[in-house]
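Given chain W's structure and the hints, the job is docking chain G onto it.
Number of protein chains: 2
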Amino acid sequence: MEKSQKQNLRIIPLGGQGEVGRNMILFEYQGKILIMDMGLGFPEENMPGIDCTIPNSAYLKKRTKDILGTIITHGHYDHIGAIPYTLPRIGSIPIYTGALTKGMILKRQEDFSNQPQPEIETVKDGSKIKLGPFEIEFFRLNHNIPDNLGFFIKTPVGNIIHTSDFKFDESPVNEPPTNFEKLKKIAQRGILLLMSESTGAEEEGHSLSEETIFENLDKIFKKVEGRIIAASFASLINRIQQLITLSEKYKRKVAIEGYSMKTNIKVAQTLKKIKVKKGTFIKTKDISKFPDSKISVICTGAQGEEDAAFMRIANHEHKFIQIKKEDTIIFSSSIVPGNEKSVQILKDEFHRQGAKVFHYKMMDIHASGHAKQEELKEMIRIMKPKFFLPIYGQYSMLVKHAELAEEEGISPKNIVIAENGQVINLNQKTLSLTKERVPSNYVMVDGLGIGDVGEVVLRDRQNLAQDGMFVIIAIVDRQAGKIKGSPDIISRGFIYLRESKELLKETRKRIIDIVNKAAGSGGAVNWTHVKDELRNKIGEFLFSKTKRRPIILPVVIEV
Amino acid sequence: MEKSQKQNLRIIPLGGQGEVGRNMILFEYQGKILIMDMGLGFPEENMPGIDCTIPNSAYLKKRTKDILGTIITHGHYDHIGAIPYTLPRIGSIPIYTGALTKGMILKRQEDFSNQPQPEIETVKDGSKIKLGPFEIEFFRLNHNIPDNLGFFIKTPVGNIIHTSDFKFDESPVNEPPTNFEKLKKIAQRGILLLMSESTGAEEEGHSLSEETIFENLDKIFKKVEGRIIAASFASLINRIQQLITLSEKYKRKVAIEGYSMKTNIKVAQTLKKIKVKKGTFIKTKDISKFPDSKISVICTGAQGEEDAAFMRIANHEHKFIQIKKEDTIIFSSSIVPGNEKSVQILKDEFHRQGAKVFHYKMMDIHASGHAKQEELKEMIRIMKPKFFLPIYGQYSMLVKHAELAEEEGISPKNIVIAENGQVINLNQKTLSLTKERVPSNYVMVDGLGIGDVGEVVLRDRQNLAQDGMFVIIAIVDRQAGKIKGSPDIISRGFIYLRESKELLKETRKRIIDIVNKAAGSGGAVNWTHVKDELRNKIGEFLFSKTKRRPIILPVVIEV
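Keeping their order, the protein sequence lines are chains W and G.
Numbering of the first sequence is given in this note's numbering, commencing with residue 6 and proceeding in unit increments.
Numbering of the second sequence is given in this note's numbering, commencing with residue 6 and proceeding in unit increments.
Just chain W, with the same shape it has in the complex:
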């Protein structure tokens, strides 16, 4: 390693650059590695059957001895969700994070009972730790979950700020407002590089204060007389707190529905991060014991997730909750891109059953916990960094965030837009993208399999979904040199076979012709070639008749 290279800090995003979710970034200095966040991503539309995606840990796997530790910003799954999948691959490394985040990580770990307990040290606003060449000071920033921490990292090349997800909030839930004075003091140390989150970079203006959201929700609570059924994210602790507080204000009992929301609330309650009066919570099976005007249900599923409580309620599949005309439904979180249609279907279903529906378009009751343009620019003005690296967001958001930084006077040559797997070099003089790439392709989680669903399996799933499949089973009598009986055909997802007898008859005839021609030739038969022919010719024939291309799977058995 050359001296100049030795003096660079290497910054390597493994996820979250060019996507919303799967956040994970590495710092590497003289061979020592610090990890920031370890999140999961939602599967893309072209990933049927996939539960989630996680960052690729191939680069880390070869370097386990060099990993100093992981620092985690906050407890949302796009920041902690990959921990149980990644730690078994890279070894048990110490994690440093806030109390609630620690609680949520440990709670989730219970679902992975065969794994050792991760080693987590609690830090808070003002905590300082030293990991190899890195001195990290944690500082509080508001988001929509308690214990959200940004990082001030003193490195040998200079001081770096990592903002976590954040918004500037003058009146947040259960936490003090943004401490601008403290941020300015940190900035006075001189910031070489600001790494700031980009989710809201394409949104004009300033995010709503949690207080405004509370007031808007209050307006609904005030006038509603029937039950209130409100859906949110399981980890949107602040919104859950608001719904509980309002229920208490209007003397409503609260039933929580959804396993993950229940466990998160339990963790938050134990840590006193959520305030619930004694007697507020009731079991869902008991809601009928109270008048409708005294009932709130808070549940998971505001994104239209198929198995969540909200969907089960809408589909008449919930044991204790059936929609009545007097019910009021609140969608209290904004829609994750890609879920718009599912949410619409869910909303329509509630409407159909006669309930009153409130959603984020109608009132500002949604949950954006992310700084919008005005706040992002303010963060840049406060930190006055020499270099700027927009992190965490779709590529278009990173580009827009870079433009905002330029507007704030940062020279374009001091701004880098990086993608997952790209290696960025930082020293006192330059921030630059290198040509080096580390593996960063999606690792897909499907059931118990991590990374075993790759391009091939995924492409097969896509093709199967498009036009189904068509298995041909031909038994060949070796001695007679011809097919035995009629070939079996098994098909799924292609065409309704019972109503396609003519097509099947014609297809069988062609199969017999192809096989007999080969088998009856007298010489040795190249069955691989015969199968190829079946695949191609039967495929073409079916396409000509249907304009569909099922996956053709020929099986030839000699007896």
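Simulated from the structure, these hints should not be mistaken for laboratory data.
It cannot be assumed that every hint is accurate.
Simulated crosslink set (BS3-like; lysine-lysine; CA at most 25 Å straight-line) [what the hints assert, rightly or not]: (1) Lys-361(W) / Lys-382(G); (2) Lys-506(G) / Lys-536(W); (3) Lys-324(G) / Lys-330(W); (4) Lys-361(W) / Lys-190(W); (5) Lys-361(G) / Lys-228(W); (6) Lys-361(W) / Lys-418(G); (7) Lys-112(G) / Lys-552(W); (8) Lys-228(G) / Lys-282(G); (9) Lys-440(G) / Lys-377(W); (10) Lys-377(G) / Lys-361(W); (11) Lys-112(W) / Lys-282(G).
The following block gives chain G in isolation, referenced to the frame of chain W:
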């Protein structure tokens, strides 16, 4: 039929109620049927491989002799797209519509060359026709395509207005502004029922005038120096006109990319519904002959459609257009719900290649041709109907539109929210939903098949996409009473077989055990039972090992 029933007008929506698209409504009076619109719908997310959906024509099929004709509002596919699929089922019936709509229907019909030419009579603003008991007068309303017509229908029970899709526009493209005087005059005849479109019912305010959109586009054209590549809908004739006009203003040549857009422009040009100066259009292959600052490309694919020109350009698959850093990309249409993620991916790809990207969030350059709340209320105020039926939209939009009508003083008992297939009775005194239902479930079009993909095939496709499939082929030696050799396994979309040898070995062992146990019993073997066992036991085993549930297809062959 009782006399009271005889005097009812029956209104039967076959599509478009509770969905955006697939618009088609029937009027039936004393057995005679009038059809309004015949549109296609986009496939839902849970319909892999489906090209589009069309209204169910089962009710009409039995009544072909009673059909008087079809009146069509305008040339968008969600209003005309089902014509070539439906006419062959219900017989050739006369169609009445505007000149451009006629041109677009006939052009599309060329793709269905084995069908007879539909019989279409051109009508325009002020045209009157009589079909059985219905006297129809067509009147012009602005939308984002020329020749958009609303219907005033005099029926034996009273006068009815059908608004088509519309917006009130003071300065539209190539057409006169909304003629409020004429609308008021029509209203003076006394309107029993207003049927008004609902797409914009959840949007506050007033839609943008086409002039405002033009000015916003002009701001982009004015400052851009490189090429402009703008995407839109193929049938969004007004937006295409604006892009052409601006190109001419800034001395840019225009290349059109995308088959359907080209044909629509050709039709519109022939009918003088779109104005293009001589020499403006060039072939795409010639764009390199002009300076970049003198080139516009207008193409299909603003929704992120996979095969469209825009996507091919983004993916480096276009023969003549590769993105340069100096290019400016314009997404000039709003996003159809469900396409948000595809559009984001496309946008990111253009950003990545360094182009400047404009999309509807950044400037008001999107295409909503639909009346928003203020216009919808104005329409109600102008028509002063006794009864109100919100049409064309998601269920939540119909509900909101009904609320708007209530705000405008229409009694809730005079408003009906109807779903596809419900029969609505109208007479001078009441508008009411009956309990009668006609078939209205989705008819899916897939390749050459219309309606042959049903629930079963679709569910198989969904399951195949989730976890793939697993075919077991066991050859049984009848005499020996046991399995012959090792069972064949064919699997796709489940797991990467080459890396799962241990699992396969264990699975084969279990297959052999199950089959041998049955075959070696001595007596007659119930192979159906054996197959069930294979399906269940092997399915459970694979699930226990992978938490995935591929479709198991057992084949047992006795030799």
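Ascending list of hint numbers which this structure does not respect: Hint check: 3, 4, 5, 9, 11 fail, others pass.
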